[in-house]
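Enquirer: Just so you know, the sequences run in chain order R and Z. Going by full-length UniProt numbering, the residue at position 100 of the first sequence is 100; the numbering climbs one at a time, nothing skipped. Going by full-length UniProt numbering, the residue at position 130 of the second sequence is 130; the numbering climbs one at a time, nothing skipped.
Hints may contain errors.
Stated by the list, open to error - Quick look at which bits of chain Z chain R covers, simulated, 3 or more residues with Cβ under 8 angstroms:
no.: 1; segment: 129-138
no.: 2; segment: 162-173
Stated by the list, open to error - Computed far set for chain Z versus chain R, every beta-carbon distance over 12 angstroms:
no.: 3; residue: T34
no.: 4; residue: V67
no.: 5; residue: L217
no.: 6; residue: E223
No wet-lab data here; the hints were simulated from the structure. A virtual CB, placed ideally from N, CA and C, is assigned to each residue, including glycine.
2 protein chains.
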Amino acid sequence: MKNAIIASTSTLANEDYLQYLLPELELLFSQCNTILFIPYARPGGMSHEEYTDKVKSAFAKINKKVVGIHEFDNPENAIHQAEGIFTGGGNTFVLVSQLYKNKIMGALAEVLKKGTPYLGCSAGSNICGLSMQTTNDMPIAYPPSFQTLGLIPFNINPHYLDPDPRSTHMGETRETRIKEFHAYNSAPVLGLREGSWIEVKADKVTLKGPITARLFLKNQLAEELPTGSDLSALK
Amino acid sequence: MKNAIIASTSTLANEDYLQYLLPELELLFSQCNTILFIPYARPGGMSHEEYTDKVKSAFAKINKKVVGIHEFDNPENAIHQAEGIFTGGGNTFVLVSQLYKNKIMGALAEVLKKGTPYLGCSAGSNICGLSMQTTNDMPIAYPPSFQTLGLIPFNINPHYLDPDPRSTHMGETRETRIKEFHAYNSAPVLGLREGSWIEVKADKVTLKGPITARLFLKNQLAEELPTGSDLSALK
Numbered sequence: 001m002k003n004a005i006i007a008s009t010s011t012l013a014n015e016d017y018l019q020y021l022l023p024e025l026e027l028l029f030s031q032c033n034t035i036l037f038i039p040y041a042r043p044g045g046m047s048h049e050e051y052t053d054k055v056k057s058a059f060a061k062i063n064k065k066v067v068g069i070h071e072f073d074n075p076e077n078a079i080h081q082a083e084g085i086f087t088g089g090g091n092t093f094v095l096v097s098q099l100y101k102n103k104i105m106g107a108l109a110e111v112l113k114k115g116t117p118y119l120g121c122s123a124g125s126n127i128c129g130l131s132m133q134t135t136n137d138m139p140i141a142y143p144p145s146f147q148t149l150g151l152i153p154f155n156i157n158p159h160y161l162d163p164d165p166r167s168t169h170m171g172e173t174r175e176t177r178i179k180e181f182h183a184y185n186s187a188p189v190l191g192l193r194e195g196s197w198i199e200v201k202a203d204k205v206t207l208k209g210p211i212t213a214r215l216f217l218k219n220q221l222a223e224e225l226p227t228g229s230d231l232s233a234l235k
Numbered sequence: 001m002k003n004a005i006i007a008s009t010s011t012l013a014n015e016d017y018l019q020y021l022l023p024e025l026e027l028l029f030s031q032c033n034t035i036l037f038i039p040y041a042r043p044g045g046m047s048h049e050e051y052t053d054k055v056k057s058a059f060a061k062i063n064k065k066v067v068g069i070h071e072f073d074n075p076e077n078a079i080h081q082a083e084g085i086f087t088g089g090g091n092t093f094v095l096v097s098q099l100y101k102n103k104i105m106g107a108l109a110e111v112l113k114k115g116t117p118y119l120g121c122s123a124g125s126n127i128c129g130l131s132m133q134t135t136n137d138m139p140i141a142y143p144p145s146f147q148t149l150g151l152i153p154f155n156i157n158p159h160y161l162d163p164d165p166r167s168t169h170m171g172e173t174r175e176t177r178i179k180e181f182h183a184y185n186s187a188p189v190l191g192l193r194e195g196s197w198i199e200v201k202a203d204k205v206t207l208k209g210p211i212t213a214r215l216f217l218k219n220q221l222a223e224e225l226p227t228g229s230d231l232s233a234l235k
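Generate the whole structure from the sequences, applying the supplied hints.
Expert: Given below as structure tokens:
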């Protein structure tokens, strides 16, 4: 059965990396000694090695080992053999390009559907949706497709931001961008604010964390969902 | 000879559409009776007709007629026959997809290089760069390529925004995103704040407007450029 945490962000303001999620991660990865880390999104362009070291430090706090997928000659085998998997944030275009280039998008979808425990943060959460088309990231790489894992029946907008009423800036707000998405696409979009996450247990998809999330459905007014909301039937 | 205005935004806060640019547009389009408008970027998903009507109202103030490219059976001919061309803002992924789908990316590059006067705003400015890879827009459509017109020898980031020092939001700042672009790409990027534009006259490329722009070169510290800066030799 599916078993995943899909988080808006890895890090809250003034906290250590993954700190707010550690109690959840102890439960999610309780049966795992070693976590396979996918560092492809490379935040700030950092190397796979640097990024993996950062993740090792965080997971050491809950006594888990971490190994980077870049250390394997055959990344598809690494996915199939992993006890647990974490895909970190960074740039979603780079991440999706690398998942396709290394031919592991399909393998990842397969093991997650079978129940390998999974943590995604930010870009690593975007890929759990039907497509990466509601990412906030710049298109700094050109992936062969925008289709992603489809672990959940909707799209994520991580780091969701409410409009700033003081702003005179004329660039589009996040809400405007998501409404534009719905001019051409029909997938529901969940605006997931920092501090929120989605828990996937078998076919049950639940909003978690201390705050509300903003749901956008095509041709409908956006709606605030309280924590604990059941998202399983979104379509 | 090339003759273009490439603007960060169509509209300043508390102003009418295109208002701040009208004196420049009278000069740019002085030899034109009719402007060909490319409405493909469809801000907010508005129709080609609605968008063209909005542009007609603005250009009526300087006594120019406007015709939308969607009204032509053969858009490539429309490009070749146009006295002047304006591409409006909206979503850059949608715009670039439509330019390729209608097979006019090449024709547009050709007539602009020969000297058809051109105005671009926001998404219509992004396409003047080497690629659309420094857009702020969501990837709500999948274009066959990110390559664009290359009218100028660098990329644009329109609606450039400085980091907000009060913010506790953990999503990437604009500067971080552009630095990530440079982890994988080498084109210079000009962060063009609202109110700034680029003037292209033959091979002379000049920063215009009342404020500075922020220049990002690969492996170098970002730099503020004063208005009037010569951008012709950027590479």
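Enquirer: Taking 8 angstroms as the C-beta cutoff, is the stated coverage of the segment 162-173 of chain Z by chain R satisfied by three or more residues?
Expert: holds (count 5)
Enquirer: Examine each Cβ of chain R, and state whether all of them lie more than 12 angstroms from the Cβ of L217 of chain Z.
Expert: With a cut-off of 12 angstroms, L217 of chain Z remains clear of chain R, as the shortest Cβ separation is near 15 angstroms.
Enquirer: Just checking, V67 of chain Z versus chain R, shortest CB gap more than 12 angstroms?
Expert: At roughly 24 angstroms from the nearest Cβ of chain R, V67 of chain Z sits farther out than 12 angstroms, so the non-interface label holds.
Enquirer: May I ask you to check that T34 of chain Z keeps its beta-carbon over 12 angstroms from the closest beta-carbon of chain R?
Expert: Non-interface label stands for T34 of chain Z: nearest chain R Cβ at 27 angstroms, farther than 12 angstroms.
Enquirer: Just want to verify: E223 of chain Z was marked as not at the interface with chain R; is every Cβ pair farther apart than 12 angstroms?
Expert: holds (19 angstroms)
Enquirer: Does the segment 129-138 of chain Z contain three or more residues whose Cβ lies closer than 8 angstroms to a Cβ of chain R?
Expert: Per the Cβ count (7), the hint holds.
Hint check: no violations occur; every hint is consistent with the structure.
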